[in-house]
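Taken in order, these protein sequences are the chains called A and B. Position 184 of the first sequence, counting from 1, maps to 184 under my numbering, and the rest follow consecutively. Position 16 of the second sequence, counting from 1, maps to 16 under my numbering, and the rest follow consecutively.
Since the hints were made in silico from the structure, they are not lab data. Certain hints may be false.
List time: in silico DSSO-like cross-link candidates among lysine-lysine, alpha-carbon distance up to 30 Å [as the list claims (entries may be wrong)]:
hint : chain 1 : residue 1 : chain 2 : residue 2
1    : A       : 288       : B       : 75
2    : A       : 95        : A       : 595
3    : A       : 779       : A       : 909
4    : A       : 686       : B       : 75
5    : A       : 909       : A       : 748
6    : A       : 816       : A       : 748
7    : A       : 748       : A       : 686
8    : A       : 779       : A       : 816
9    : B       : 75        : A       : 95
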Amino acid sequence: MLQGWVIVIAAFAYIGLLFAIAYYADSRAEAGHSVIANPWIYSLSLAVYATAWTFYGSVGRAASDGVGFLPIYIGPTLMILLWWFVVRKMIRIAKLNRITSLADFTAARYGRSALIGGLVTVIAVIGILPYISLQLKAVSTSFQLLLQYPEVVMPQKTGEVSIMQDTAFYVALFMALFTIAFGTRHLDVAERHEGMVAAIAFESIVKLVAFVAVGLFVTFGMYDGFGDLFRRAAQRPDLANLMAPLGAAAGGYAGWVWLTVLSMLAIVFLPRQFQVAVIENVDEKHLKRAVWLFPLYMLAINLFVLPIAFGGLLHFPPGYVDADTFVLTLPMAHRVEGLALLVFIGGLSAATGMVIVETIALSTMVCNDLVMPVLLRVKALRLTEQRDLSSLLLDIRRAAIIAILLGGYLYYLIAGEAYALVSIGLISFAAVAQFAPAVIGGIYWKGGTRAGALAGLSAGFAVWIYTLLLPAFAKSGWFGMQVDFLDLGPWGVELLRPTQLFGLTGLDQITHAMIWSMLANAGLYLGVSVLSRQSASEHAQATLFVDVFTQTGERGSQWRGATSASALQTLLGRFLGPARALELFSVYARERGLKSVDDIEGDGELVHFAELQLAGAIGAASARAMVGTVAQEEPLGLDQVMTILDEASQVIAYSHQLEEKQRELEQATRDLRAANERLQELDRLKDDFVSTVTHELRTPLTSIRAFSEILHDHRDIDPAEQQRFLGLIIKESERLTRLINQVLDLAKLESGMAEWQTTELDLNELVADAVSTTSQMFKSRGVSVATRAGAPVSKVMADRDRVTQVMLNLLSNAVKFCPEGTGLVEVRLAEDANTVRIDVRDNGVGISRENIGVIFEKFRQVGDTLTDKPPGTGLGLAICRQIVDHFGGRLWAESEPGKGSTFSFTLPKTAVRAAAD
Amino acid sequence: MAMDKAPLGETLKTKGARGARLVCLFLLGCLLFNYPLMALFNVHATFLGVPVLYAYIFFAWALLIALVAAVMESKG
Numbered sequence: 001m002l003q004g005w006v007i008v009i010a011a012f013a014y015i016g017l018l019f020a021i022a023y024y025a026d027s028r029a030e031a032g033h034s035v036i037a038n039p040w041i042y043s044l045s046l047a048v049y050a051t052a053w054t055f056y057g058s059v060g061r062a063a064s065d066g067v068g069f070l071p072i073y074i075g076p077t078l079m080i081l082l083w084w085f086v087v088r089k090m091i092r093i094a095k096l097n098r099i100t101s102l103a104d105f106t107a108a109r110y111g112r113s114a115l116i117g118g119l120v121t122v123i124a125v126i127g128i129l130p131y132i133s134l135q136l137k138a139v140s141t142s143f144q145l146l147l148q149y150p151e152v153v154m155p156q157k158t159g160e161v162s163i164m165q166d167t168a169f170y171v172a173l174f175m176a177l178f179t180i181a182f183g184t185r186h187l188d189v190a191e192r193h194e195g196m197v198a199a200i201a202f203e204s205i206v207k208l209v210a211f212v213a214v215g216l217f218v219t220f221g222m223y224d225g226f227g228d229l230f231r232r233a234a235q236r237p238d239l240a241n242l243m244a245p246l247g248a249a250a251g252g253y254a255g256w257v258w259l260t261v262l263s264m265l266a267i268v269f270l271p272r273q274f275q276v277a278v279i280e281n282v283d284e285k286h287l288k289r290a291v292w293l294f295p296l297y298m299l300a301i302n303l304f305v306l307p308i309a310f311g312g313l314l315h316f317p318p319g320y321v322d323a324d325t326f327v328l329t330l331p332m333a334h335r336v337e338g339l340a341l342l343v344f345i346g347g348l349s350a351a352t353g354m355v356i357v358e359t360i361a362l363s364t365m366v367c368n369d370l371v372m373p374v375l376l377r378v379k380a381l382r383l384t385e386q387r388d389l390s391s392l393l394l395d396i397r398r399a400a401i402i403a404i405l406l407g408g409y410l411y412y413l414i415a416g417e418a419y420a421l422v423s424i425g426l427i428s429f430a431a432v433a434q435f436a437p438a439v440i441g442g443i444y445w446k447g448g449t450r451a452g453a454l455a456g457l458s459a460g461f462a463v464w465i466y467t468l469l470l471p472a473f474a475k476s477g478w479f480g481m482q483v484d485f486l487d488l489g490p491w492g493v494e495l496l497r498p499t500q501l502f503g504l505t506g507l508d509q510i511t512h513a514m515i516w517s518m519l520a521n522a523g524l525y526l527g528v529s530v531l532s533r534q535s536a537s538e539h540a541q542a543t544l545f546v547d548v549f550t551q552t553g554e555r556g557s558q559w560r561g562a563t564s565a566s567a568l569q570t571l572l573g574r575f576l577g578p579a580r581a582l583e584l585f586s587v588y589a590r591e592r593g594l595k596s597v598d599d600i601e602g603d604g605e606l607v608h609f610a611e612l613q614l615a616g617a618i619g620a621a622s623a624r625a626m627v628g629t630v631a632q633e634e635p636l637g638l639d640q641v642m643t644i645l646d647e648a649s650q651v652i653a654y655s656h657q658l659e660e661k662q663r664e665l666e667q668a669t670r671d672l673r674a675a676n677e678r679l680q681e682l683d684r685l686k687d688d689f690v691s692t693v694t695h696e697l698r699t700p701l702t703s704i705r706a707f708s709e710i711l712h713d714h715r716d717i718d719p720a721e722q723q724r725f726l727g728l729i730i731k732e733s734e735r736l737t738r739l740i741n742q743v744l745d746l747a748k749l750e751s752g753m754a755e756w757q758t759t760e761l762d763l764n765e766l767v768a769d770a771v772s773t774t775s776q777m778f779k780s781r782g783v784s785v786a787t788r789a790g791a792p793v794s795k796v797m798a799d800r801d802r803v804t805q806v807m808l809n810l811l812s813n814a815v816k817f818c819p820e821g822t823g824l825v826e827v828r829l830a831e832d833a834n835t836v837r838i839d840v841r842d843n844g845v846g847i848s849r850e851n852i853g854v855i856f857e858k859f860r861q862v863g864d865t866l867t868d869k870p871p872g873t874g875l876g877l878a879i880c881r882q883i884v885d886h887f888g889g890r891l892w893a894e895s896e897p898g899k900g901s902t903f904s905f906t907l908p909k910t911a912v913r914a915a916a917d
Numbered sequence: 001m002a003m004d005k006a007p008l009g010e011t012l013k014t015k016g017a018r019g020a021r022l023v024c025l026f027l028l029g030c031l032l033f034n035y036p037l038m039a040l041f042n043v044h045a046t047f048l049g050v051p052v053l054y055a056y057i058f059f060a061w062a063l064l065i066a067l068v069a070a071v072m073e074s075k076g
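Please model the complete structure; the sequences and the hints are all you need to start from.
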């Protein structure tokens with residue numbers, strides 16, 4: 001006998017087993033050995049798609065229109081082929097942005113818009129309420145049926161019992177507590193629930209086993225295989241029609257196609273599917289196997305739907321038993337206690353799986369995208385100043401779970417009786433399908449704007465309420481609405497009839513609602529997007545989402561603000577708990593090779609890190625706002641970006657100019673410093689010059705005066721001696737005259753006042769003249785001179801007298817320093833491409849290395865000036881250099897002491913000088 | 001549908017080929033489970049004792065899953 005307590009104990013034992021599995025998976029995960037990190041568990045967790053709707057409702061649907069339940073599973077089979085593109089992209093985006101829910105995802109895409117997040121949450125919660133009511137109805141119905149065992153008695157209508165006696169109410173409360181215990185034990189930053197996923201995967205196995213067991217029992221226990229079952233059914237005309245039902249039902253093939261499309265969207269956009277497929281995904285490679293494993297699961301769980309439906313229809317008299325309960329009532333009618341209990345557990349697992357994941361996903365949305373954004377904005381609550389908000393977050397989620405389940409129960413009370421299970425669920429499918437344009441558009445089209453998404457979602461949701469939710473209420477007679485409202489339209493306007501809007505007839509209710517809501521939703525999304533403009537942050541997020549596969553590296557640079565690390569740690573601590581925040585920061589420090597948390601710098605990277613962690617707990621929009629309070633980043637509009645770019649380019653231009661100016665100034669400073677040094681040098685030289693000239697003038701003057709005084713004072717001096725003194729006086733006077741002439745000459749040259757008579761010169765001729773002029777001097781000193789000139793050299797432009805002066809000076813110098821008798825002076829003429837060169841070489845004493853640089857200076861004579869003063873004024877070479885320089889040539893000396901020296905000068909050729917002029 | 005860049009460890013070539021095959025199978029599925037192919041089997045007849053529409057749908061479904069499995073599990 002199946003007593004009530006047996007059922008309850010079985011149910012609690014099953015729930016206890018789930019907890020054990022979840023606990024085991026969680027502890028393994030904490031130890032670093034994830035049990036869910038494989039494609040099998042991932043595929044099984046996706047099978048949370050199969051709920052009480054599948055477990056009980058499919059048979060009900062099949063009993064009324066044959067294959068009509070199948071699009072719900074064929075749609076996902078097709079859609080999952082595109083998952084490789086769509087969901088893989090969503091997973092990548094969600095991981096990069098720490099997305100925690102569908103609302104978070106949509107909000108993040110449209111510039112972290114709190115408004116979008118809130119709207120998606122509202123649509124999801126209201127849209128899913130019918131779906132949850134379906135689970136409550138299924139569980140409470142199956143429980144009530146089983147209580148009557150072995151009798152098969154349909155339970156009473158809900159309206160006829162008080163809430164306190166209503167099983168569904170207790171089921172709702174029980175499930176709320178169960179989910180709270182399951183999903184909100186601790187606040188997980190990543191919003192991943194390893195234990196939950198493991199339990200869900202286990203539930204998927206249980207419900208499949210239970211359903212297949214019933215299928216086998218009906219097909220091979222009650223009947224003799226498929227052939228026997230279908231042959232018997234075919235004998236009844238009403239059942240035979242179910243075997244080729246297409247085209248006959250309302251909507252026909254159009255209905256089939258729209259149901260397929262609807263479930264294609266549902267498999268992606270149901271909050272619980274998004275949760276298990278995207279948020280709980282461990283590795284996107286798991287998709288590879290799930291793509292065929294999950295459809296295989298759906299095929300297996302649907303294989304026996306038609307046999308069970310026909311078995312029920314054949315076994316029970318028409319109208320006696322609700323077809324939605326055949327799965328349970330057939331084993332009961334055949335008194336198979338164990339199987340009936342297994343079916344109850346299977347149905348319970350299907351319903352609890354859905355409720356757990358769905359309400360956890362919804363409560364996260366409600367908390368992160370609806371309640372927290374509002375609470376954080378209400379300044380009176382001073383939430384932003386509180387130390388630890390993590391328990392508040394958990395409380396909000398717990399309250400949300402209770403509210404959602406009670407909402408589901410309320411919907412069950414209002415509209416639950418008017419529809420079969422599948423029809424209730426389809427209303428929810430149509431609601432979540434409204435997310436498709438904004439989300440699919442959002443990840444493939446950068447042009448989708450916040451305004452477009454808002455318009456599309458609002459319009460689609462409004463049409464959904466009008467064409468599906470209101471009729472569901474109206475049919476139940478709630479809110480004082482009469483069925484007239486459906487038949488005649490509001491205020492008698494037939495065009496506005498909710499189920500035949502604008503006169504569109506011939507479709508089933510879901511198809512009709514889908515056509516209008518999708519038209520409004522996608523149309524407005526596209527239209528408004530095209531007409532409106534994105535803000536800068538919206539555009540940044542759009543690029544981030546659409547180009548997620550082509551992006552590399554971190555996005556730390558997105559934050560331009562900086563703050564102190566401790567302020568961020570405190571902020572994280574308030575939402576996640578101080579211990580968890582410290583742990584996260586320690587990990588952050590370790591990853592960057594820092595010694596301790598104190599070494600962390602509050603740079604953009606850290607701010608980004610904190611924002612991501614916070615996004616896991618309170619959603620992207622709120623996280624941005626909260627981090628903003630600490631990091632104080634100015635929102636950056638497009639205008640500002642342009643201004644910054646503008647300013648930056650101007651600044652760059654200015655700095656280029658400044659650099660130029662600075663370079664010029666530095667150059668000028670260098671020139672001035674050089675000029676100053678040169679002036680000081682010249683000043684010093686002038687002083688030297690004056691003192692030297694004075695000294696040089698005084699020496700002959702002193703001699704002249706001395707000899708003159710001797711002649712004057714001693715009239716009795718020997719005439720020969722007298723004659724010698726007078727000769728000396730004349731010689732010194734000549735020297736004095738020569739000196740003064742040269743000083744004047746040099747002054748003229750240096751001041752540029754000299755007169756030049758530049759003509760074309762034949763240097764061969766000039767050298768020969770100079771040598772012959774000085775031949776007497778060579779002879780008298782016993783020095784031989786030789787001129788070595790190969791071919792006649794090119795002509796030069798210069799002053800004949802001046803160049804002769806240079807030649808004579810060099811020759812007389814050479815004679816002066818040559819040893820008497822053995823002296824040899826050699827004059828060479830040569831030319832290269834540009835210049836003619838003359839060398840005057842002697843074999844005299846030579847010039848020491850240190851002196852070779854100074855001999856061209858004024859009054860610098862080599863040798864000991866006191867004892868061995870060489871004849872000459874010391875100005876000759878200085879004058880020569882001035883002359884050669886004037887004609888663009890060069891004068892220099894080379895020498896080896898003891899072996900003689902060579903004085904050389906060059907003069908540019910006529911052609912070269914002409915070209916230079 | 002845009003072809004996304006291959007994740008690490010998968011060459012672009014095999015990834016592109018796999019994507020194309022999946023899209024082809026998607027189109028095949030759309031064809032199999034739609035008017036007019038389904039209408040061909042929407043008749044009162046049986047195949048091995050099973051109504052042909054049921055037999056067709058489950059067979060086509062299984063075939064599609066097998067093809068997808070072959071595409072996804074092949075080494076490229």
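Okay, the hints, checked on the actual structure:
1. A:288 x B:75: Holds: residue 288 of chain A and residue 75 of chain B sit about 12 Å apart, inside 30 Å.
2. A:95 x A:595: holds, 28 Å
3. A:779 x A:909: Violated, because 33 Å separates the two Cα atoms, which is more than 30 Å.
4. A:686 x B:75: This hinted pair is violated, its Cα atoms lying about 96 Å apart.
5. A:909 x A:748: holds, 26 Å
6. A:816 x A:748: holds, 27 Å
7. A:748 x A:686: Holds, at roughly 15 Å.
8. A:779 x A:816: holds, 12 Å
9. B:75 x A:95: It holds: about 27 Å lies between the C-alpha atoms, which stays within 30 Å.
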